[in-house]
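Single-letter residue listing:
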Amino acid sequence: MSELRRVAIVPAFQEEAVIASLVLEIKSFDPSLDIVVVDDGSTDRTAASAAAAGAAVVRLPYNLGIGGAVQTGFKYALERGYDIAVRLDGDGQHDPAELPKLLEPLARDDADVVVGSRFAGGDREYRPAFARRAGIRWFAGLVSLLTRQQLTDTTSGFQAVNARGIRLFAADYPHDYPEVEAAVMVVRHRLRILEVPVRMRERELGASSITTLRSLYYAIKVTLALLVGIFRRRVVPAEDA
Amino acid sequence: MTPLRISIAATVASILLILVVLELIRSRRLRERYALLWLATGAVLLVLSAWRDALNTIAGWVGVTGYPPAVLFAVGILFILLVLLHYSTVISKLADQNVILAQRLALLENRVLEGEHEPGGPLAERPDLTLR
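As you go down the protein sequences, you meet chains A and B in turn. If you use our numbering, the first sequence closes out at 241, no skipped numbers anywhere. If you use our numbering, the second sequence closes out at 132, no skipped numbers anywhere.
By construction, these hints were calculated from the structure, which means they are not laboratory data. The structure displayed is predicted, hence computed values, not measured ones. Quick reminder that beta carbons are idealized off the backbone N, C-alpha and C, glycines included. Possibly wrong hints are sitting among the right ones.
Claimed, not checked - Cβ-to-Cβ under 10 Å is the rule here; a few derived chain B residues that face chain A:
#: 1; residue: I25
#: 2; residue: L36
#: 3; residue: L101
Stated by the list, open to error - Computed beta-carbon distance windows for the label pairs:
#: 4; chain 1: A; residue 1: Y62; chain 2: B; residue 2: R28; range: 20 to 30 Å
#: 5; chain 1: A; residue 1: Y62; chain 2: B; residue 2: S27; range: 21 to 31 Å
#: 6; chain 1: A; residue 1: P61; chain 2: B; residue 2: G115; range: 18 to 28 Å
#: 7; chain 1: B; residue 1: R33; chain 2: A; residue 2: F231; range: 12 to 22 Å
#: 8; chain 1: A; residue 1: S28; chain 2: B; residue 2: V44; range: 54 to 64 Å
#: 9; chain 1: B; residue 1: R33; chain 2: A; residue 2: T43; range: 16 to 26 Å
#: 10; chain 1: B; residue 1: E109; chain 2: A; residue 2: Y62; range: 16 to 26 Å
#: 11; chain 1: B; residue 1: A40; chain 2: A; residue 2: T43; range: 26 to 36 Å
#: 12; chain 1: A; residue 1: W138; chain 2: B; residue 2: A102; range: 38 to 48 Å
Stated by the list, open to error - A short list of chain B residues far from chain A (calculated; beta carbon distances all over 12 Å):
#: 13; residue: L4
#: 14; residue: R5
#: 15; residue: I8
#: 16; residue: V12
#: 17; residue: V44
#: 18; residue: L46
#: 19; residue: P69
#: 20; residue: L78
#: 21; residue: I80
#: 22; residue: L84
#: 23; residue: A124
Construct the entire structure; sequences and hints are all you get.
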């Protein structure tokens, strides 16, 4: 079998402090992995810093939000014929050392989408605050119900997908908290989703961009999207079972 | 008390509004982000239409003594104003983004044309061919 072409998609917004070290770290762990940094309309030196560290850089003209930025990465992967794409967030919370755990199931063709979960037995130290935990539980329950599959970490952005996943996400990707809706989309298109336990790091710099009131708004919005999503037509033909 | 027929008609209209919004979301003609306010409008109007005692009570609070359905109009208009205001902010943001896109496109076109006219570029021998 010929060597699979693989790319790391790194969405980044105002991450000039950490983006270069993240790019270098990914390279040192896996030199054969191409890296594309999607700069989501940063006004700092995120793009220049990433490019100097040796990553390909796609600079969005203005901030699209995480969903739009990540989908740009999947479109890049599709256009350039990559077989596998793995997403690591630009704030450095996804540890490149955990990459093999995400990539192995794809190499064995055990799954089309592999999600790194903080709760699937991997990281017992991760204890989010109450509101966040409640939200994570709510979506884990709802998504597990809708997909008829036990999923524990539906907001994890640490994901790897194969060519089928790239094609689906390039065609359609949700907007805010995209991972939740994406999980249901994946199953509806008869792709196989698999969780693997991973550890995640604390954010190195900067606070999470989500406040409590906004979280509630997103929770309602994403729930609505999930429930309406069941009745939507497929965006690409479903894979044969 | 609100006449029963008004309550029924208003209830049916509210349910229709909610159903239409849901169908628009499903068929991807309306994003969830812009649908939430419409759904809230539909839900509030539905409650006030179907729960006639509540409408009466609220009418009493705000001093509407003669004709409780007037409160229904007032609430409906209030929500329409909210939706319009929301859309004004959305349009403003779109306009800003549109300017940025146009500028970005113009700068890219400039780079592409310069590249084409450089030595070795496809239009190197044709300085007469520039912008149409």
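The hints, checked one at a time:
For I25(B), the shortest C-beta to C-beta distance to chain A is roughly 5 Å, which falls under 10 Å, so the interface hint holds. Nearest Cβ of chain A to the Cβ of L36(B): about 6 Å, under the 10 Å cut. The hint holds. Annotation: L101(B) was flagged as interfacial toward chain A, and the flag holds, the nearest CB pair being 6 Å apart, inside 10 Å. The beta-carbon spacing between Y62(A) and R28(B), approximately 23 Å, falls within the hinted interval of 20 to 30 Å.
Between Y62(A) and S27(B) the beta carbon distance is about 27 Å. The supplied range of 21 to 31 Å therefore holds. For the pair P61(A) and G115(B), the beta carbons lie near 20 Å from each other, so the given range of 18 to 28 Å is met. Separation of R33(B) from F231(A) is about 19 Å and conforms to the stated range, judged on CB atoms against 12 to 22 Å. With their beta carbons about 57 Å apart, S28(A) and V44(B) fall inside the hinted range of 54 to 64 Å.
A hinted range of 16 to 26 Å for the beta carbons of R33(B) and T43(A) is consistent with their spacing of about 24 Å. Range check, E109(B) to Y62(A): about 18 Å between beta-carbon atoms, so the 16 to 26 Å window is met. With their beta carbons about 34 Å apart, A40(B) and T43(A) fall inside the hinted range of 26 to 36 Å. The hinted window of 38 to 48 Å between W138(A) and A102(B) holds, with their beta carbons roughly 42 Å apart.
Separation of L4(B) from chain A is adequate, the least Cβ-Cβ distance of about 32 Å exceeding the 12 Å criterion. Against the 12 Å criterion, R5(B) stays outside the reach of chain A, whose nearest CB is about 32 Å from its own CB. At the 12 Å boundary, the C-beta of I8(B) stays outside the reach of chain A, the nearest C-beta of that chain being 28 Å off. Residue-level check passed: V12(B) sits 22 Å from the nearest beta carbon of chain A, beyond 12 Å.
Every CB of chain A is more than 12 Å from the CB of V44(B) (nearest about 15 Å), matching its label as outside the interface. Under the 12 Å C-beta cut-off, the non-interface status given to L46(B) relative to chain A holds; the minimum distance is some 16 Å. For P69(B), the requirement that its beta carbon stay farther than 12 Å from each beta carbon of chain A is met, with the minimum near 30 Å. With a least beta-carbon separation of about 20 Å from chain A, L78(B) lies farther than 12 Å from that chain, consistent with its non-interface assignment.
I80(B), annotated as away from the interface, keeps every beta carbon of chain A farther than 12 Å; the closest lies near 21 Å. Every Cβ of chain A is farther than 12 Å from the Cβ of L84(B); the closest lies at roughly 20 Å, confirming the non-interface assignment. No Cβ of chain A comes within 12 Å of the Cβ of A124(B); the nearest lies about 28 Å off, and the non-interface call holds.
Hint violations for this structure: none, all hints satisfied.
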